[in-house]
Amino acid sequence: MSRGRVAVPIGDAAVAVVALGSAWAIKAFYSRADADDLRWILAPTVRLVGWASGVAFELEPHQGYLSEDHLFLVAPACAGVNFLIVAFVSLCLGLAHTCSNAGSRAALVLCGAAVAWATTVLANAARITLALHLHAAGTALGPLTPARLHCALGVAVYFLFLLVLFSAATRVTGGRHENAG
Amino acid sequence: MRTRARPRSSIPLALVPWLAYVGVTVVAPAVNGAAVDEGYAEHAVITLGVSGAIMMLWLAASRMRLGARKPAATLAGGRRVNDDRVDAGSRRVTSGARSRS
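Each protein sequence line maps, in turn, to chains A and B. Heads up: the first sequence begins at 1 in this note's numbering, then just goes up one per residue. Heads up: the second sequence begins at 182 in this note's numbering, then just goes up one per residue.
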């Protein structure tokens, strides 16, 4: 190996290819999907939101889940699929170096997908529950309009969940690094 | 899952989630032509600002936690344990070596 270059083992490269290929495929599917196609992620999220907030949602075919009382629609854009991709790719790329054989790499990809889905449902439910409160209060802080606050809240909730997930995963796999947290 | 230790790259592991997040939410839409859309710049500024601030706080908290863990030789009351003897011994050796030179 020449100086200054980091050699990537072929197994890690394979995990990266699978993770990025899956991310691309999910992104392509998401760009065309309506609410019916996304029920596998929207339905459990809305059920959790209803349980946490007490707000009832009705399925509107092709549109999403609507709360008529709060005039709040959980649309396909709120499904959290981008977060699902980020969580999955982070786990695969960040933990590939802890795997020693093909079996452990396959386990990483499969467990990463399952854990990313579960974390997405949790994070998105927390985000939507908080957004419902913001929406009801109509909060605005100077230049932070309700729409900007909604966006900032979403980034904050998603990113905190992502860091906690990644930190927990590095501890579980023993792939700790001095800066991993 | 079996694990093994390997040489680390120069990118801190904690930056992986941030890079993935920014890649999917800011860079990918820009590559797909969303950069010209109204509202993209605002979305990008909010995303980079909020996630960057949280990342900095997270790294700072990690460093503080690591720093707090370092004086492990200190008991609850702040009393030092056996290391005092080791330190004292090494000081004696050092000073002895200096006096000989």
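Mixed in with the good hints there might be a few duds.
To be verified - Pair by pair, the computed Cβ-Cβ distance ranges are:
(1) Ala216(B) <-> Leu110(A): 32 to 38 Å
(2) Asp34(A) <-> Glu223(B): 33 to 39 Å
(3) Met245(B) <-> Ala168(A): 31 to 37 Å
(4) Gly248(B) <-> Ala43(A): 20 to 26 Å
(5) Leu238(B) <-> Ala147(A): 30 to 36 Å
(6) Gly248(B) <-> Pro61(A): 53 to 59 Å
(7) Leu59(A) <-> Pro193(B): 33 to 39 Å
(8) Asp34(A) <-> Ala209(B): 27 to 33 Å
(9) Tyr221(B) <-> Leu73(A): 18 to 24 Å
(10) Leu247(B) <-> Glu68(A): 46 to 52 Å
(11) Ala14(A) <-> Ala241(B): 34 to 40 Å
(12) Leu238(B) <-> Cys111(A): 34 to 40 Å
(13) Ala168(A) <-> Gly248(B): 34 to 40 Å
Stated by the list, open to error - According to the in silico footprint, chain A covers these stretches of chain B (three or more CB under 8 Å from chain A):
(14) 214-228
(15) 231-238
Claimed, not checked - Chain A stretches covered by chain B per the calculated footprint, using a threshold of three residues with CB under 8 Å from any CB of chain B:
(16) 34-42
(17) 65-77
These are calculated hints, taken from the structure and not from any lab test. All C-beta atoms in this analysis are idealised placements derived from N, C-alpha and C, irrespective of residue type, glycine included.
Outcome of the hint check:
Checked against the hint of 32 to 38 Å, the pair Ala216(B) and Leu110(A) passes, with Cβ atoms roughly 35 Å apart. Between Asp34(A) and Glu223(B) the beta carbon distance is about 26 Å. The supplied range of 33 to 39 Å is therefore violated. In this structure, Met245(B) and Ala168(A) break the distance hint of 31 to 37 Å, their C-beta atoms being roughly 19 Å apart. At roughly 45 Å, the beta carbons of Gly248(B) and Ala43(A) sit outside the given window of 20 to 26 Å.
Between Leu238(B) and Ala147(A) the beta carbons are some 25 Å apart, a value that contradicts the proposed interval 30 to 36 Å. The hinted range of 53 to 59 Å is satisfied by Gly248(B) and Pro61(A), whose Cβ atoms lie roughly 56 Å apart. Judged by the Cβ atoms, the range 33 to 39 Å given for Leu59(A) and Pro193(B) is violated: they are separated by roughly 43 Å. Checking the proposed 27 to 33 Å range against Asp34(A) and Ala209(B) shows it is violated: the Cβ atoms sit about 21 Å from each other.
Restraint check, Tyr221(B) to Leu73(A): a C-beta distance of roughly 22 Å satisfies the suggested window 18 to 24 Å. In this structure, Leu247(B) and Glu68(A) meet the distance hint of 46 to 52 Å, their C-beta atoms being roughly 51 Å apart. A hinted range of 34 to 40 Å for the beta carbons of Ala14(A) and Ala241(B) is consistent with their spacing of about 35 Å. Distance hint check: the CB atoms of Leu238(B) and Cys111(A) are about 28 Å apart, inconsistent with the given range 34 to 40 Å.
Between Ala168(A) and Gly248(B), the C-beta spacing of about 22 Å breaks the proposed range 34 to 40 Å. Counting residues of the stretch 214-228 of chain B whose CB lies closer than 8 Å to any CB of chain A gives 4, so the stated coverage by that chain holds, three being the minimum. Counting residues of the stretch 231-238 of chain B whose beta carbon lies closer than 8 Å to any beta carbon of chain A gives 4, which meets the minimum of three for the stated coverage. Evaluation of the coverage hint for the stretch 34-42 of chain A: breached, as 0 residues show C-beta separations to chain B shorter than 8 Å, against a requirement of three.
Counting residues of the stretch 65-77 of chain A whose beta-carbon sits less than 8 Å from any beta-carbon of chain B gives 0, not enough to reach three: the coverage restraint is violated.
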